[in-house]
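From just these sequences and the hints, can you work out the full model?
These are the residues of each chain, in order.
There are 2 protein chains.
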Amino acid sequence: MKIQLDQSLPEDIEKRSFEIIESELKTYIPEDIKPIVKRVIHTTADFSYAENMRFSPEALEAAVKAVKGGVNIFTDTNMALAGINKKALSVFGIEAKCFMSDEDVARAARENKTTRAAASVDKAAIEGKDFIYVVGNAPTALIRLYELITEEKIKPRLIVGAPVGFVNVVESKELIMSLNVPYIVCAGRKGGSNVAAAIVNAILYMAGGRKQNF
Amino acid sequence: MKIQLDQSLPEDIEKRSFEIIESELKTYIPEDIKPIVKRVIHTTADFSYAENMRFSPEALEAAVKAVKGGVNIFTDTNMALAGINKKALSVFGIEAKCFMSDEDVARAARENKTTRAAASVDKAAIEGKDFIYVVGNAPTALIRLYELITEEKIKPRLIVGAPVGFVNVVESKELIMSLNVPYIVCAGRKGGSNVAAAIVNAILYMAGGRKQNF
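Sequence order for the protein chains is A and B.
Last residue of the first sequence: number 213 in numbering that gives the first Met the number 0, and the count goes up by one each step with no gaps.
Last residue of the second sequence: number 213 in numbering that gives the first Met the number 0, and the count goes up by one each step with no gaps.
Check each hint, because a few of them may be wrong.
One copy or two, it doesn't matter: identical chains are merged, so the pair holds either way.
[As the list claims (entries may be wrong)] BS3-like, lysine-lysine: derived pairs with alpha carbons at most 27 Å apart:
#1 LYS122 x LYS85
#2 LYS86 x LYS122
#3 LYS1 x LYS128
#4 LYS85 x LYS96
#5 LYS96 x LYS86
#6 LYS1 x LYS112
#7 LYS122 x LYS154
#8 LYS152 x LYS122
#9 LYS112 x LYS86
#10 LYS210 x LYS112
#11 LYS152 x LYS1
#12 LYS64 x LYS154
#13 LYS96 x LYS112
#14 LYS96 x LYS210
#15 LYS112 x LYS14
#16 LYS1 x LYS154
#17 LYS112 x LYS85
#18 LYS85 x LYS33
#19 LYS1 x LYS122
#20 LYS96 x LYS152
#21 LYS67 x LYS152
Derived from the structure by calculation, the hints contain no laboratory data.
Next up, the structure:
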């Protein structure tokens with residue numbers, strides 16, 4: 000079969016991809032948040048993210064400051080953990096952790112009749128108050144974050160709220176956006192571990208963890 | 000903030016999600032492929048997958064037969080690997096592997112001026128002819144599969160073609176669909192490691208690796 004392939008070198012393909020995204024954007028995206036929005040579109044090929052991403056007023060500044068300060072990252076999904084750029088993390092000495100497969104989390108979830116995602120938030124709250132929490136799967140993680148924040152038990156430096164789905168997903172994001180906490184949220188049903196990882200990577204690159212490539 | 004949450008038990012939320020997807024489907028989906036299409040929509044909240052998934056005539060049968068026969072799975076992304084249900088794999092004694100972080104693959108890619116994704120396909124071809132190959136990221140993986148298949152060096156039992164992006168992605172999928180090989184492909188630009196993992200999990204569940212939950 001004859002198909003014309005773009006002969007760009009592997010290292011140029013990401014750059015070319017971002018050029019295509021830029022040329023096809025139908026919505027005005029402010030320059031400061033563009034690296035994040037474009038990376039999410041790059042990871043999904045879904046331009047609806049040009050319209051559904053929400054940033055708290057201080058989100059970008061808080062995110063970059065937290066990363067530069069070496070604040071650790073917790074996430075509710077091993078897929079998002081796998082997708083976060085480890086080399087970029089290491090520039091800042093940051094560890095990213097997911098507790099979802101931990102035996103103590105499974106036990107706590109059973110005992111409290113909750114989800115492992117909610118129990119993982121409780122474990123993060125014990126490990127340290129100073130963290131970025133990244134949700135790419137479970138609305139129950141966002142709901143538990145909401146509860147602990149309103150009870151003044153934790154104060155995350157940033158919440159990335161990108162669970163995906165049909166039950167409690169929209170609502171859990173609205174809860175987070177009602178708080179006075181730095182957040183980056185994909186409003187609506189969409190999101191996912193790939194989206195969550197893309198947001199984190201974009202932040203890491205903005206903070207200087209890697210060349211932005213566009 | 001007062002928000003009405005669905006009080007379904009965690010184990011019922013997936014079931015409820017699939018009911019919502021079913022009720023909102025605007026396209027006729029044949030019953031046999033529905034478990035796969037619905038699981039992809041479940042993982043993305045993107046109903047465009049109801050229209051863009053392509054199955055070769057023998058794909059479902061080949062997929063289930065391969066899984067029941069314990070054929071191993073190779074994938075081009077550690078995120079997809081993280082998202083594949085390990086408990087369901089173990090029912091069939093299947094191993095899933097990703098070579099992207101392997102030192103020999105990085106070296107081969109440098110030496111051959113290709114991508115690690117393409118070099119990973121070469122490594123899979125050496126490890127064994129009998130495999131399912133799952134692409135959730137790199138069109139170069141699909142292109143390399145196409146080359147080795149046309150050279151009659153490999154004959155994968157199934158190709159899951161779900162790379163995402165803007166450069167060579169559409170074309171690489173068309174190459175695969177031009178072959179006489181069992182495939183499940185997301186036509187167009189969309190796909191991703193989450194989509195790839197969802198397709199694999201749907202196949203594992205169809206083969207009996209877990210209750211389908213709808």
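Hint check results:
| no. | hint | verdict |
| --- | --- | --- |
| 1 | LYS122 x LYS85 | both (22 Å within a copy, 24 Å between copies) |
| 2 | LYS86 x LYS122 | both (26 Å within a copy, 24 Å between copies) |
| 3 | LYS1 x LYS128 | between (57 Å within a copy, 26 Å between copies) |
| 4 | LYS85 x LYS96 | both (11 Å within a copy, 19 Å between copies) |
| 5 | LYS96 x LYS86 | both (15 Å within a copy, 22 Å between copies) |
| 6 | LYS1 x LYS112 | between (57 Å within a copy, 22 Å between copies) |
| 7 | LYS122 x LYS154 | within (14 Å within a copy, 46 Å between copies) |
| 8 | LYS152 x LYS122 | within (12 Å within a copy, 50 Å between copies) |
| 9 | LYS112 x LYS86 | between (37 Å within a copy, 22 Å between copies) |
| 10 | LYS210 x LYS112 | between (45 Å within a copy, 21 Å between copies) |
| 11 | LYS152 x LYS1 | between (61 Å within a copy, 20 Å between copies) |
| 12 | LYS64 x LYS154 | within (15 Å within a copy, 51 Å between copies) |
| 13 | LYS96 x LYS112 | within (23 Å within a copy, 34 Å between copies) |
| 14 | LYS96 x LYS210 | within (24 Å within a copy, 29 Å between copies) |
| 15 | LYS112 x LYS14 | between (47 Å within a copy, 18 Å between copies) |
| 16 | LYS1 x LYS154 | between (56 Å within a copy, 21 Å between copies) |
| 17 | LYS112 x LYS85 | between (34 Å within a copy, 24 Å between copies) |
| 18 | LYS85 x LYS33 | within (22 Å within a copy, 37 Å between copies) |
| 19 | LYS1 x LYS122 | between (55 Å within a copy, 26 Å between copies) |
| 20 | LYS96 x LYS152 | within (20 Å within a copy, 41 Å between copies) |
| 21 | LYS67 x LYS152 | within (24 Å within a copy, 49 Å between copies) |
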